[in-house]
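Just so you know, we're using numbering that gives the first Met the number 0 here: the sequence shown kicks off at 0 and counts up by one.
Quick caveat, the hints were computed from the structure, so don't treat them as lab data. Predicted model, so just to flag it, every value in this text is computed and none were measured. Just so you know, even glycine gets a beta-carbon here, dropped at the ideal spot from N, CA and C. One thing to keep in mind: the hints can contain errors.
Derived SDA-like pairs: lysine to any residue, alpha-carbon spacing no greater than 20 angstroms straight-line [said to hold, decoys possible]:
hint	residue 1	residue 2
1	Lys640	Thr710
2	Lys818	Tyr729
3	Lys686	Tyr797
4	Lys818	Pro780
5	Lys774	Ser717
6	Lys731	Ala750
7	Lys686	Thr636
8	Lys640	Arg615
9	Lys774	Ala764
10	Lys640	Leu689
11	Lys686	Glu643
12	Lys669	Asp656
Okay, the calculated beta carbon distance ranges per label pair [stated by the list, open to error]:
hint	residue 1	residue 2	range
13	Gln112	Ser285	42 to 52 angstroms
14	Trp36	Glu673	13 to 23 angstroms
15	Leu156	Arg660	30 to 40 angstroms
16	Phe432	Ser331	51 to 61 angstroms
17	Ala50	Arg660	25 to 35 angstroms
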Amino acid sequence: MPLNTVHEAWRYVRWGALALLLAAVVLTVRGLPQIGWPVTGPANPLYVWAAVMAVSLFAIVATGLRPAVVAAALAAVFAVAAGQAGAVLAVLLFVAASVVVGGYLLRALGAPQLAQGFVFAFVTGAGSLGTASGLLAHWPVNYPGVYGLALALTLVLDRRRCVGWFHAARDFLRGGGPRATVAQRVLEAAIVTAALVHYAVAFAPEIGSDALAVHLFIAERMRTGHMWNFDVDTYVWAVMPALVDWIYAIVDMLGGEVAARLVNVTFVLVLARMVRDLVLWAGGSSGGARWAVLLFLVTPLTFTESHTLFIEAGWSAFMVAGTFAVLKLLDSKPGDDDPDARGLLPAAGLLLGLALAAKAVTLSLLPALAIVMLARRSTWFGRAHNGTLAKALLIGIVIGGIPYLTAWVITANPVFPFFNGVFKSPLFPPENFEPPPFERYLRWDTLYRMLVESARYLEAKPGASGFQWLLLLVPCAIAAVAVKATRWRSSVLLVVGIGGVATVFQQTAYLRYIFPCVVVLMAVVGVGLTHLMERAWSGALWAGAATAAVALNIAYFHSGAAYLDLPWRAMLSQTARTELLEGRRPERLLAQSINALNAPASPVMWIAYLGAAGLRSDALYAQWYNHKFAAEFLAATTEDKMLELIGRRGVEFVVFDSQVRVDSAPALLKVTDEVANIGGVSLRRVKSGLRYLKEMAVSPDFHNAAAWGLTPGATIDSAGLRLSANSGAYQKIAVVPGRKYLNSVSVRCDAPDTTGRLQINWVDASQKILTTSAKTYVCGPNWSVNEQEVTAPSGAAYGMLYAWGQAGGPLTVRMNSLKGTP
0 MPLNTVHEAW RYVRWGALAL LLAAVVLTVR GLPQIGWPVT GPANPLYVWA
50 AVMAVSLFAI VATGLRPAVV AAALAAVFAV AAGQAGAVLA VLLFVAASVV
100 VGGYLLRALG APQLAQGFVF AFVTGAGSLG TASGLLAHWP VNYPGVYGLA
150 LALTLVLDRR RCVGWFHAAR DFLRGGGPRA TVAQRVLEAA IVTAALVHYA
200 VAFAPEIGSD ALAVHLFIAE RMRTGHMWNF DVDTYVWAVM PALVDWIYAI
250 VDMLGGEVAA RLVNVTFVLV LARMVRDLVL WAGGSSGGAR WAVLLFLVTP
300 LTFTESHTLF IEAGWSAFMV AGTFAVLKLL DSKPGDDDPD ARGLLPAAGL
350 LLGLALAAKA VTLSLLPALA IVMLARRSTW FGRAHNGTLA KALLIGIVIG
400 GIPYLTAWVI TANPVFPFFN GVFKSPLFPP ENFEPPPFER YLRWDTLYRM
450 LVESARYLEA KPGASGFQWL LLLVPCAIAA VAVKATRWRS SVLLVVGIGG
500 VATVFQQTAY LRYIFPCVVV LMAVVGVGLT HLMERAWSGA LWAGAATAAV
550 ALNIAYFHSG AAYLDLPWRA MLSQTARTEL LEGRRPERLL AQSINALNAP
600 ASPVMWIAYL GAAGLRSDAL YAQWYNHKFA AEFLAATTED KMLELIGRRG
650 VEFVVFDSQV RVDSAPALLK VTDEVANIGG VSLRRVKSGL RYLKEMAVSP
700 DFHNAAAWGL TPGATIDSAG LRLSANSGAY QKIAVVPGRK YLNSVSVRCD
750 APDTTGRLQI NWVDASQKIL TTSAKTYVCG PNWSVNEQEV TAPSGAAYGM
800 LYAWGQAGGP LTVRMNSLKG TP
């Protein structure tokens, strides 16, 4: 095409893009009254943004240091001020070990250039370490020392690379930042500010519903119980794909909750780096990449993912990295001297397999990628010889199939509890699990409705999707495709991004499920802005539009978050952290109280809307998480039925939210006493007089002598059981593991210094002794009752109940009782 014609065509494209921007501005202004003023918490977060921006800009301008160095320095200062340096070091150890492991695996797969880059090495290594943790979760071997030693060992084994990092960091610091214009410095300061906001919120306590019920719950149980029991009767989601949760478990084991939240933010920052890399790969400029990264970081949906332990950030990192590896493969030509040529496909197989092991929605995103691969098969299929394609598929299936195989073995349904109408697992009703009640299908007005009616696409307030999609996506996509230099790469990104959205929305239009597509489409916006900002006058208009999108996103930053503010005091002070939980998530503090009181870790009845993260025992949820218990609880509408349920389930403690309105609540309140109450959520305990009502022993008063076995020196008469020193009576009683019992004896003796012993030998089904519960007492001439509260250990089938004379004597025992809850 002649040069003049090209320029003329581009002029039309530029004017058309401006017309589309004007229309988008009109739609945005029209929608703002419907969206409403942003809702914030007690402290207006805009003040925090302004303060962090001022500090970041001053540090960048005054020191002349690179933005990354400024961000790292400010992050380090904040971690020390918050008293969480240990958590940050735990995350850094995990990141370093991941890079080492990932680099080794990528080199082994034949992709040495990918191995040199931080992003691909980290994502590959993190997924591989998480896979190992998920396999180890089946056994009680998960201890901080084990994980700390394993991660440190990887660094020792590749110490040359670690030394290389040190020298690279030193050179990076000495190099200083390149000269930048005022606009570039402001843009870089804004990126640093957004990154630091995401980072700082990780130091606040976890209050997200999904995290407290599932993601942090699994990580904390791995740390306190040293394994995960995959018990779908207690947690219906126990066998769902959980790769990101295993990663959280690794860092939680080393640095606690804050470390788990920080590694989630790390994935978000890695995704921001991928946005930059995709923009540059597609032919965009560094300026366009900066705008794309900033827009991604200030998008409310991104904060939705970073402020709480969802898993979509980690999952998206695997998905986007795998997609990027495929795109690099499609971009190469048969004659290119590319050292990664044969390794890109296996590397993509591994990364996409990790994505599948993290979330089943991966299957909905793969068709768009497959279409692109088929369309460009001439660039790669000829080189997929010697089993390269088969190797990639095998790696992806093996790694991605681990959680589905686990679910199949345990439940006979590989996607349990979904599609149980097809697989008919006996552990869940034979019906197909319904998706969340959100919109379906991709429509012509989806961009507008996602913004103005966000609650149809996410548990969120209006504005949660981000303003850049309505303002910038369409004109930027047209500009990116219109320029020949960026046409096919931008087209591929559009097919992958929009195709992925379309296939996901076919089932349910849920924004968290398209987070990988957000990253890909954000890169398209960056490429488009590269071209649209080339000319001074029009570039200023597009910079203004992008700035407006950033400002609006910051204003509505909390639209999809549990935090409606930036609680900086709770990030820095333990006292403020406790006060915040008292007001917003009192269940978390009650879990700590239960751990102190519930020494045997008996199951806790959890009648509250939020989850039980931090609880050392099992939580019995009266909702879909545990459909069997929920049905039993709702049916226990009388005191007798409630006591029977409590006894059968081995419950002593109950967490009850006063806002729960069910018919069985009055019965529960009558048979329990309140121990503590925080913010309307109470910790209750089964009344002492009702705790042990069911007699487990046969003839505890010895009226039926045949019920008891006697050792030499023990006799039974009308007065009861008579014991001399080192003699006793015994009886075998069936027990339930984990259940608490009360053992009591009524005894007297005439001789001074006479002692007796309460004793239960716990045995398994093969009669092997597991452990013994015993208590010695001193008796006197008056009848006295001595008691011991015991818990049947794991694996116990029977308790051998003894009444025993320890020393002196004789003793007269008129009762030896073992009582349990009805």
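Query raised in the report: Straight-line Cα separation of Lys640 and Leu689 no greater than 20 angstroms?
Result: 13 angstroms, holds
Query - Given pair status - Ala764, Lys774, alpha carbons within 20 angstroms - result: 25 angstroms, violated
Query - Holds or violated: Lys774 to Ser717, with C-alpha atoms at most 20 angstroms apart - result: Since the Cα atoms of Lys774 and Ser717 sit roughly 26 angstroms apart, the hinted pair is violated (cutoff 20 angstroms).
**Report entry** Cβ separation of Gln112 and Ser285, checked against the hinted range 42 to 52 angstroms
**Finding:** The hinted range 42 to 52 angstroms is violated for Gln112 and Ser285, with Cβ atoms some 21 angstroms apart.
Requested in this report: With 13 to 23 angstroms as the target window, see if Trp36 and Glu673 comply at their CB atoms.
Outcome: Given about 40 angstroms between the Cβ atoms, the range is violated.
Requested in this report: For the pair supplied as a hint, Lys640 and Thr710, confirm whether the alpha-carbon distance does not exceed 20 angstroms.
Outcome: Roughly 41 angstroms between the alpha carbons, so the hint for Lys640 and Thr710 is violated.
Report task. Decide if the proposed pair is consistent with the structure: Lys640 and Arg615, CA atoms, cutoff 20 angstroms inclusive. Result -> 27 angstroms, violated
Query raised in the report: Given the proposed pairing of Lys686 with Tyr797, does the C-alpha separation stay at or below 20 angstroms?
Result: Violated, at roughly 26 angstroms.
Report task. Would you check the hint for Lys818 and Tyr729, treating anything up to 20 angstroms between C-alpha atoms as holding? Result -> Distance of about 15 angstroms is within 20 angstroms: holds.
Report task. Hint says 30 to 40 angstroms; check whether the CB-CB distance for Leu156 and Arg660 agrees. Result -> 58 angstroms, violated
Report task. Evaluate the given range 51 to 61 angstroms for the C-beta pair formed by Phe432 and Ser331. Result -> 42 angstroms Cβ-Cβ, so the 51 to 61 angstroms window is violated.
Query raised in the report: Does the alpha-carbon distance linking Lys686 and Glu643 stay inside the 20 angstroms limit?
Result: 14 angstroms, holds
In this structure, the earlier hints numbered 1, 3, 4, 5, 6, 8, 9, 13, 14, 15, 16 and 17 are contradicted, and the remaining ones agree with it.
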